[in-house]
Amino acid sequence: MRKIFVGIIHFYQKWISPSFAPRCKYYPSCSSYAATAIENYGIKGVAMAAWRLLRCNPWSHGGVDYVVIKEKVGAN
Amino acid sequence: MDTILNPLYFAVSWVIITIHDLLSPIFSEDSGVSWSLSIIGLVIIIRIILIPLFVKQIKSQRALTALQPHMKEIQKKYKDDRQKQSEEMMKLYKEHKTNPLASCFPILAQAPIFFALFTVLNGIGRNPPVKRGVLTQEDVVSAAQAKFFGAPISDTFLGSDVTTVKIVTVFLIAFMSATTFTTQRQLMVKGMPKMDSSNNMMLQQQKIMLYLFPVIFAVSGVNFPIGVLIYWSTTNLWTWGQQYYVIKRNPTPGSPAYEELERKRKQKNGDIQSPDSGSNETVQEPEIKGQRKQPKKKKKK
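Chains as they are written, first to last, in the numbering used here: chain V, 11 to 86; chain Z, 667 to 967.
Simulated from the structure, these hints should not be mistaken for laboratory data.
Everything numeric in this text was worked out from a predicted model, so none of it was measured.
Even glycine gets a Cβ: it sits at the ideal position worked out from N, Cα and C.
Among the clues, some could well be false.
Heads up, simulated BS3-like pairs for lysine-lysine below, C-alpha to C-alpha not over 25 Å straight-line [what the hints assert, rightly or not]:
(1) Lys856/Z / Lys725/Z
(2) Lys914/Z / Lys930/Z
(3) Lys856/Z / Lys797/Z
(4) Lys24/V / Lys932/Z
(5) Lys745/Z / Lys24/V
(6) Lys725/Z / Lys738/Z
(7) Lys743/Z / Lys760/Z
(8) Lys856/Z / Lys813/Z
(9) Lys934/Z / Lys856/Z
(10) Lys722/Z / Lys757/Z
(11) Lys24/V / Lys873/Z
(12) Lys813/Z / Lys797/Z
(13) Lys24/V / Lys856/Z
(14) Lys80/V / Lys757/Z
(15) Lys80/V / Lys750/Z
(16) Lys856/Z / Lys930/Z
(17) Lys914/Z / Lys932/Z
(18) Lys738/Z / Lys856/Z
Distance ranges between label pairs, derived from CB positions [stated by the list, open to error]:
(19) Gln23/V / Leu824/Z: 44 to 54 Å
(20) Ala57/V / Ile773/Z: 17 to 27 Å
(21) Gln23/V / Val828/Z: 55 to 65 Å
(22) Ile53/V / Arg851/Z: 52 to 62 Å
(23) Lys80/V / Thr829/Z: 53 to 63 Å
(24) Ser886/Z / Ala31/V: 18 to 28 Å
(25) Pro718/Z / Ile79/V: 36 to 46 Å
(26) Val807/Z / Lys80/V: 57 to 67 Å
(27) Leu688/Z / Gly52/V: 50 to 60 Å
(28) Tyr76/V / Thr829/Z: 34 to 44 Å
(29) Val78/V / Ala775/Z: 22 to 32 Å
(30) Tyr910/Z / Leu64/V: 28 to 38 Å
(31) Val74/V / Ser886/Z: 45 to 55 Å
(32) Ala31/V / Lys934/Z: 21 to 31 Å
With the hints as extra help, turn the sequences into a complete structure.
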């Protein structure tokens, strides 16, 4: 499931996004943020990505904003 | 889902029916012209609402002139590290509370309206027509017969056997592809600051737009009612016009269009010595007073 989502995002990044002017106010861009978030958090990552998209609006000033990746303690 | 979108159905159908009623005395009630122009009017209203956002973005783009030295410095410092370069650039924008990038909001804001229009028109296309929003039975019946160049505005390519519907759909898809292409090309050739080694990327992008976008439009377009395609085409045309205007009058510092404008201004100042005739010609951008001082342009080179 995660792979499908991430696959769609990668397709978007490779084929669709390059043909538009850069528009994201953040670094990394919303799409790569979404990919990282979903890879690491699954469904919660989707929510994180949605929240990021909402934060990336005309009234924000953007900035550097990475996905916070928790160290997996003992899980693996 | 319907309960969330219900207000949107109401808004969209209200705007359409209001414009339709205004136009009915001119083009007659059941005429496709009234109904098509109502959809076009909906686009115009939405795009006018979005203009302030656009102006805001352009303002912050112009504020970048002041940051130019910092940006050059960053580019030089992290020449070989694209990631660090982007990071520092974003930090700089944030620090100065100006961000030239548009964000996805203007596009995303239009998506629900697009979807609402799709549903409303689909309802009209049903047999018997389904009323949504503020539409009355009479409206729906009238709209179901309204034609755009001979094709009913609620018909879809896949849902109709009529040749005219297919021809009009194909024409609109071609139009959408063409406007997207010219808009993006205009931006890349004239509107963006020149970058090194972007030539390759540009060719790649143009190829994508030439081939992939018509495919995307075609695949989705055959499922959409003609009315939605009218909406889409109009909004594309608007985007193109808006960008044309901005590139001509208010180009991004550093872009080819900017240099061209500077050259023209210089020429004008050089040729015409009398200040009166000169100032009439040059268009002054309206500056908002009482706000934070806009950084002065210091392009003398």
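Hints, one by one, checked against the model:
{"no.": "1", "hint": "Lys856/Z / Lys725/Z", "in the structure": "holds (18 Å)"}
{"no.": "2", "hint": "Lys914/Z / Lys930/Z", "in the structure": "holds (11 Å)"}
{"no.": "3", "hint": "Lys856/Z / Lys797/Z", "in the structure": "violated (46 Å)"}
{"no.": "4", "hint": "Lys24/V / Lys932/Z", "in the structure": "violated (42 Å)"}
{"no.": "5", "hint": "Lys745/Z / Lys24/V", "in the structure": "holds (23 Å)"}
{"no.": "6", "hint": "Lys725/Z / Lys738/Z", "in the structure": "holds (20 Å)"}
{"no.": "7", "hint": "Lys743/Z / Lys760/Z", "in the structure": "holds (19 Å)"}
{"no.": "8", "hint": "Lys856/Z / Lys813/Z", "in the structure": "violated (39 Å)"}
{"no.": "9", "hint": "Lys934/Z / Lys856/Z", "in the structure": "holds (21 Å)"}
{"no.": "10", "hint": "Lys722/Z / Lys757/Z", "in the structure": "holds (20 Å)"}
{"no.": "11", "hint": "Lys24/V / Lys873/Z", "in the structure": "holds (13 Å)"}
{"no.": "12", "hint": "Lys813/Z / Lys797/Z", "in the structure": "holds (19 Å)"}
{"no.": "13", "hint": "Lys24/V / Lys856/Z", "in the structure": "holds (24 Å)"}
{"no.": "14", "hint": "Lys80/V / Lys757/Z", "in the structure": "holds (24 Å)"}
{"no.": "15", "hint": "Lys80/V / Lys750/Z", "in the structure": "holds (23 Å)"}
{"no.": "16", "hint": "Lys856/Z / Lys930/Z", "in the structure": "holds (15 Å)"}
{"no.": "17", "hint": "Lys914/Z / Lys932/Z", "in the structure": "holds (16 Å)"}
{"no.": "18", "hint": "Lys738/Z / Lys856/Z", "in the structure": "holds (21 Å)"}
{"no.": "19", "hint": "Gln23/V / Leu824/Z: 44 to 54 Å", "in the structure": "violated (30 Å)"}
{"no.": "20", "hint": "Ala57/V / Ile773/Z: 17 to 27 Å", "in the structure": "holds (21 Å)"}
{"no.": "21", "hint": "Gln23/V / Val828/Z: 55 to 65 Å", "in the structure": "violated (40 Å)"}
{"no.": "22", "hint": "Ile53/V / Arg851/Z: 52 to 62 Å", "in the structure": "violated (40 Å)"}
{"no.": "23", "hint": "Lys80/V / Thr829/Z: 53 to 63 Å", "in the structure": "holds (60 Å)"}
{"no.": "24", "hint": "Ser886/Z / Ala31/V: 18 to 28 Å", "in the structure": "holds (22 Å)"}
{"no.": "25", "hint": "Pro718/Z / Ile79/V: 36 to 46 Å", "in the structure": "holds (38 Å)"}
{"no.": "26", "hint": "Val807/Z / Lys80/V: 57 to 67 Å", "in the structure": "holds (59 Å)"}
{"no.": "27", "hint": "Leu688/Z / Gly52/V: 50 to 60 Å", "in the structure": "holds (51 Å)"}
{"no.": "28", "hint": "Tyr76/V / Thr829/Z: 34 to 44 Å", "in the structure": "violated (55 Å)"}
{"no.": "29", "hint": "Val78/V / Ala775/Z: 22 to 32 Å", "in the structure": "holds (28 Å)"}
{"no.": "30", "hint": "Tyr910/Z / Leu64/V: 28 to 38 Å", "in the structure": "holds (31 Å)"}
{"no.": "31", "hint": "Val74/V / Ser886/Z: 45 to 55 Å", "in the structure": "violated (35 Å)"}
{"no.": "32", "hint": "Ala31/V / Lys934/Z: 21 to 31 Å", "in the structure": "holds (30 Å)"}
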